[in-house]
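Asker: Residue numbers (this note's numbering), protein chains in the order written: chain A, 4 to 89; chain B, 4 to 89; chain C, 4 to 89; chain D, 4 to 89.
You may find that some hints are simply not true.
Pairs count within a copy or across copies, as identical chains cannot be separated in the list.
[As the list claims (entries may be wrong)] No more than 25 Å apart at the CA atoms, straight line, and that leaves these computed lysine to any residue pairs for SDA-like: (1) K11 x L21; (2) K8 x D75; (3) K11 x E31; (4) K11 x Q22; (5) K8 x R62; (6) K11 x S42; (7) K8 x E36; (8) K87 x E29; (9) K8 x G71; (10) K87 x Q69; (11) K11 x E72; (12) K45 x S67; (13) K87 x E61; (14) K45 x E66.
In case anyone wonders, no lab produced these hints; they're calculated from the structure.
Note that the structure is a prediction, hence the values are computed from the model and not measured.
Number of protein chains: 4
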Amino acid sequence: MEYSKSVKNRLQRVNGQLQGILRMIEEERDCVEVVTQLSAIKSALDRTVGLVVSENLERCVRESVQSGESTDEHVQQAVKLLMKSR
Amino acid sequence: MEYSKSVKNRLQRVNGQLQGILRMIEEERDCVEVVTQLSAIKSALDRTVGLVVSENLERCVRESVQSGESTDEHVQQAVKLLMKSR
Amino acid sequence: MEYSKSVKNRLQRVNGQLQGILRMIEEERDCVEVVTQLSAIKSALDRTVGLVVSENLERCVRESVQSGESTDEHVQQAVKLLMKSR
Amino acid sequence: MEYSKSVKNRLQRVNGQLQGILRMIEEERDCVEVVTQLSAIKSALDRTVGLVVSENLERCVRESVQSGESTDEHVQQAVKLLMKSR
């Protein structure tokens, strides 16, 4: 699958945030600050999962419509993938 | 939206589980048991959310295909709804 | 364990919300409304889990302090229980 | 706060996993594989949060016990931090 610029940018930002946390750990920063940053990365990853699944499902549904196939299975698989990634 | 038998059955089971927890609280049962049951209900509600969104999205996509409309917006709304319900 | 009035009240409210959702399902209400209510119950259950674990851990730690025992294991078990209930 | 070797090792592994995902995105790998890896990182971050909060709460409770202060507030803050990081 070809991933959009938006997906790539999000993951680059997550990467930057993670490097920031690694520094905070070395600097022995306060636990509440570190946990807050860890939670922020988790939320960013969550939104990235939503974007990847949404972009992929849109494409799969369009392709099925063009080839006259049923779209139900694609929808079920995408929802299952999102539920598993919770 | 018409909800399937499967959605209705799941919610009835959750209702039964919740009545069970209310009794456990009155009986002052062990906290680990109560928390385990509360988590089980949360997971059951989670799966019910997935089923409701999946059934609804399948129907919306089919209707859009029949009327020749784009399906993208339905997909994006469904994924957004699932992400918000995490 | 004896559960506080606050825990009991929260669960009674969840019970009321669940009965409300069962009616919404019968009335074939819009899927977004139903999913929003299901998510609200999940969040309420989540906060109840936090309250139950917090009240229990406070008591266990106090009892350990009075009997001169280590508190570490109680803390680890409580955190493990919270993580498992995510 | 001084962070344990275990916390540091976990975050280094997460860092490695994230670099792996960035490569998978460039290689346009299958969306299910990428989402599975993103979920794995989320779970690893989750467990790291649990470890950081647990280690910090153990230390805070011990210090309170030694200085004869109440431990309740530390417990409540730690549970609140864990609930917020869900």
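Asker: Now tell me if each hint is right for this structure.
Answerer: So, going through the hints one by one against the coordinates:
1. In this assembly of identical chains, K11 and L21 lie within 25 Å of each other by CA distance both inside one copy and across copies; the values are 15 Å within and 12 Å between.
2. With identical chains, the CA atoms of K8 and D75 are at most 25 Å apart between copies only, with a shortest distance of 18 Å across copies and 28 Å within one.
3. In the homo-oligomer, the alpha carbons of K11 and E31 lie at most 25 Å apart only across protomers (11 Å), although the nearest pairing inside one protomer, at 30 Å, exceeds that limit.
4. In this homomeric assembly, K11 and Q22 come within 25 Å of each other (Cα to Cα) both inside a single copy, at 17 Å, and across copies, at 12 Å.
5. When the C-alpha separation of K8 and R62 is checked against a cutoff of 25 Å, the pair qualifies only within one copy, where the shortest distance is 16 Å, while the shortest distance between copies is 31 Å.
6. Taking the shortest alpha-carbon separations for K11 and S42, both the intra-copy value of 20 Å and the inter-copy value of 17 Å come in at or below 25 Å.
7. Taking the closest pair of Cα atoms, K8 and E36 come within 25 Å of each other only across two copies (19 Å); inside a single copy the shortest separation is 30 Å, beyond that limit.
8. In this assembly of identical chains, K87 and E29 lie within 25 Å of each other by CA distance solely across copies; the values are 24 Å between and 33 Å within a copy.
9. Proximity of K8 and G71 under a CA criterion of 25 Å is satisfied in neither setting, with 30 Å inside one chain copy and 29 Å between copies.
10. In the homo-oligomer, the alpha carbons of K87 and Q69 never lie at most 25 Å apart, since the shortest distance is 29 Å inside one protomer and 31 Å across protomers.
11. Taking identical chains as interchangeable, the C-alpha atoms of K11 and E72 are never at most 25 Å apart, the minima being 31 Å within one chain and 30 Å between chains.
12. Taking the shortest Cα distances, K45 and S67 never come within 25 Å of each other, neither inside one copy (33 Å) nor across copies (32 Å).
13. Both within a single protomer and between protomers do K87 and E61 lie at most 25 Å apart by alpha-carbon distance, with minima of 19 Å and 19 Å respectively.
14. Taking the shortest Cα distances, K45 and E66 never come within 25 Å of each other, neither inside one copy (32 Å) nor across copies (31 Å).
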